[in-house]
Amino acid sequence: MSNLNRSTLTGPWARWAGSNPGKVFLLVLLITVVMIAGTVNMQMEMTYYSILPQRSNQVQDLKRITENYPFASSIIAVVDGRSLPEGEAKAAVKSTIDEMEAVFLSDEFSDAVSGVYSRIDLDFLKEHAFLLTKEKDLKRMASMYADTDLLPFLTALNNDLEREYSGDSDAMESDETQLSAWLGGLEALLELLSGSLEGTLPGNEMEEALDAYLLGESYYLSREENMGIAFINPTYTVNDLGPLVNQTNRIDERVQQIASDRGLEAGITGFIVVGRDEMVTSEQGFALSMVLAMVLILSLMIAVFRIRSTPLIIGTPLLLGILWTSGMAGFLLHRLNIMTAMYMVALLGLGVDYAIHLMTGFVQERDRGMEFLPALEEAFTKGGKGVITGALTTAAAFYALLMAESELVRELAVVAGTGILCELLAMFLFIPAFLGWRNRRLEKRGKTDPMLHRKTRIRSDFADGLGLRVTRRPGLWVAVLLTIAVLLATQAPKVTLEDNLMEMEAKGLMSIELQDVMTREFGAAPDVLYLISDDRNELPDLVEALKDLDSVKDVSAITQWWPTDEQKERRLPWLEELGNRSDRGSDPAALSGGGLSESIEADLVLEELYRLEANLIEMGDLAVLGGSDRLAYLLNRITGLNMDGEKVKDSVFDSLFDSLESGEYRGGGLEAFQEEFSPRLEDRVTAMASTDDIRMEDLPPMVRDTFLSITDESTLVTIAPRLNPWEGRFRTIFSAQVASVTDRGTGMILAADQLIQIADSDGKKSMVAALIAVFFILLLDFRNLKLTLLTFIPLLMSFASLFGLMSLFGIKFDFLNIISIPLLVGIGIDDSVHINHRYLREGRGEMHTALAGTGSAVALTTITTMIGFASFIPSIMRAMRSTGIVLTMAMGLAFVYSICFHPALMVLVNERLGWSLKGWSLKGGKSSVRNSTGRNSGTRSSQ
Amino acid sequence: MKKIITAALLGLLMLASAAAQDAKEILDRADRSFELDRVYSESSLTVYKNGKPQAPQMMIGYTLDDSSGQARSLTIFREPARVAGTAYLMLGDDLWVRFASTGRIRKLSSSARKNSAAGSDFSYADMGEGGDSFTGDYSASLEGSERINGIECYRLVLEPANRNAVYEKMVVWVSKDEFLYLKIEYYDKGAPVKYMILEDYFEVGGVPYPEKITMTSLVKKSESVMETQLIEHDSDRVEERFFTSSYLETIR
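Protein chains in written order, with our numbering: chain A, 1 to 943; chain B, 1 to 252.
Hints are computed from structural coordinates only; laboratory data are not their basis.
Pairs of lysine-lysine, PhoX-like flavour, derived with a Cα cap of 25 Å:
1) A:Lys494 with A:Lys764
2) B:Lys107 with A:Lys136
3) B:Lys189 with B:Lys221
4) A:Lys139 with B:Lys107
5) B:Lys24 with B:Lys169
6) B:Lys221 with A:Lys507
7) A:Lys812 with A:Lys507
8) A:Lys547 with B:Lys221
9) A:Lys23 with A:Lys444
10) B:Lys169 with A:Lys547
11) A:Lys547 with B:Lys49
12) B:Lys220 with A:Lys547
13) B:Lys220 with B:Lys189
14) A:Lys136 with B:Lys189
15) A:Lys547 with B:Lys189
16) B:Lys189 with A:Lys134
So here's chain A without its partners, still in its complex pose (with noise of 0.2 Å):
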């Protein structure tokens, strides 16, 4: 640290820069042309995805699985019928989602989309349900389908729905959707066999009947079946920002637009949407913050030094500053994240400092009476030394921050550190250069320089007063601020980490409150966890064992649509069995196959619709019990009750029993209806029984986008969880629950769970490091060590004071949050070292001039550090907002310790406990207190 050298050097170069002003807006204009090279070089990548850590394994497979696997990127719209009545919403929403698919695979949206995926393909499913059938279900089927005749049919029926729900509503809750469309499909074939029983033969109703009762809803459909959803691929991914955010937009228009004309809602979600989403938030509280900072700094420094032209003097250097910042991000990180992002706005708050002190010592000159030259450079020799001591010092406790694991605290420290020395290089070049254009312009119009020439010292009554006070009761300021300080810290365990991503977001997102929308209505989140595997064989026993976990809603797997060649062999006997059944070319019109007289069969009928009225009304108490509202409404429809299970209306078992059990019929409808019902539910289960091949290119478009690579032989599973996975302790459960089966599995839940670890560490290790490269370089600065650990004690106070405020308040450490609280140690201690040095220079019962001569400037330059923190807080995005309110809290308490706590410890040391806080001389022996510290300076800038 050669002090000697800079003091010598700043007042020189300063009137050498008012000299020649123009030589030095061309070096200005080089350096800028340059940064603007590097700024061009840079992209600002504002999403959650960009500052994930990229060594993690976790990282590396999203990063992997969103560039390999399409449907991954996939866009949800999701349409909302749920303003429509009952009856009419499940039609329109399936007719949206028709429109939908059209409008975007039209040439319109070529560009952004390339495909669309909003049914499942039933032709696929009725060539090959059976072979992708659990063996335990082909069982079952095998028991059902064995006779198609009417009778053995509603018998192995009752069976089953004996056998599998029966008092379990578990199972019931668990395929609620698909025993909602195997409801639907029951409830017309009863429909079309009480139309039979009364001469209305069935027709193509049949065909529909029995495709909804074997394969259930095509379209994705809520649990009310009122909401939809079509999956959009987009051309793009999450990592391509332009394309993000425009095509996103247009496609989330158009899928507005075409739910309203048909008088629905519909919005879209996903992980690109909410990539976007993050963009475009950021990027607007982060413009929002620039101009708020800015205006607010600058009427600041009118209103302080009531020069008109101050907006240039000063607000040119800082923007030169940042623009340099930008450019230097560009050329060494070739991007800025949302995090370094918003330090650009913090760095209009510090870098405005070195202006204040510059701007303030020249115009104390000039009100001296100086002439311009000679009063610019008193200015740079005074406080140009300690301008840049103190720029150095903050720059190096922000580089201390190098030493972190993540990218995310690194790439802070580069910019951080970067940017002060921008700032300090503008202020120094632009300031007196253009001070000494200004004269010119001045003197030429004759001019000497009256604007100058007024009062600018902020009063400094308060400081003064203030000095007194604390003077006169020293112990007693320690001892209440100490005291408000343990009690604040005894709150501080309490603050807790926010772990949830999306509480960090913008609030009202339609992305975000989609996702619960998605939880709430269609039983599953969008947001799931991926496992890749390069063996196919591995995955049946695995998508098992995450099936069983109690926190996993499903899990997907190419096995469900291709099956191994193991499991096919062990389903080939029940094929075989499902496809060869004894009793085909049977009489078409016997119910039973077994040579019953009509009356008998007809008898044996009623009696299986009996049980199978038993059976459902069951269902529904059990549905009713169990709250699935929709499945207790469908089963309450069949059976004519109503939820307290009393008869309401007639259902179609009231039909089919009176027809049966009146005293006229012969049994013609049944025969009738079997003719129809048999054959086709023969020819169906035969066709579903195939034992052809599945080969890869004979799977559904969406199959081979959703779970094979583009680019190897990998393929993906997904595991939905059960509930909105970013929810409280849930997200906790369900990670544990799937490491307890994988280790492989990754996703945005378990990537941003390591962020938020990583960021945890890095924020307390950043902490330690800046605090130690602090503590030395004040050490060296001091060169007594009791006055420098003195020194930390308010900034230590400010931190337990802040955590304990935070806890009272309510507000979390997140992931941002705590990254930028160590930027404080190199910012916060400022007040208290600048105190020091006036306090060594004016010497013992003193300290009332100490604050009088530091107070204003300190306060200046405080309340132009919480401009630029605080200018995050009106930001929609609530992790810029909440890094806003920490770091200006932060800053007002350092404020309050620095000049109410410090004053008084020092007084209450130094005069009344008689430490010395003299420095070390160099050249052997102590030095006095005037003389050695009285020339030092502060760490960010000093008087």
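We have chain A; now place chain B onto it with these hints.
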């Protein structure tokens, strides 16, 4: 040297054994709440799904151990109207349900004990094993102290001791002053899946009994609150004949 190591190991073993003994004693003392026999109870069960309360279920319960000490319970629903008269009979591992709406009786598989009882967050095992203590099926270890609702508690970890144990692991908190269960957390596949809070203890048959038991699922947005309105220990209303499947047919 060997002697020292042996002595140290023996000392450690004795300490571990003492800790295990402590844990068992704590559990034994806490289990007294569930060792009431011939109990008649009237209680309500309210299930909250996504924070919305479902229709409250009013139940009458009978428990009576058989001659071998095996727990037996009969639960009859009185409300809501939809299930009034529906009854669950549990005899050891065997479970029957009688549906009032159809009058039919079903015997459920023994694996159903782990399933949700009447759509609530309680399993049949949670409901029916009230008469059984935890000490039988689980081995306990004392793992420190924690406060639950401001009350200092022992924290005990229960691991399955035999195949009858339904859960992979349980963590229970027993109050230090009165040896009352205040919280029980149930684990499955490496993570807690639900927890039970027991509160408002009152005295029945000389032992404390929780008036309110809340089971909260950690994997579903669901919570079930069971409140006991009336409970009689050694009650005349409990008859031996209730605990047969044929009795279910007579319930109206």
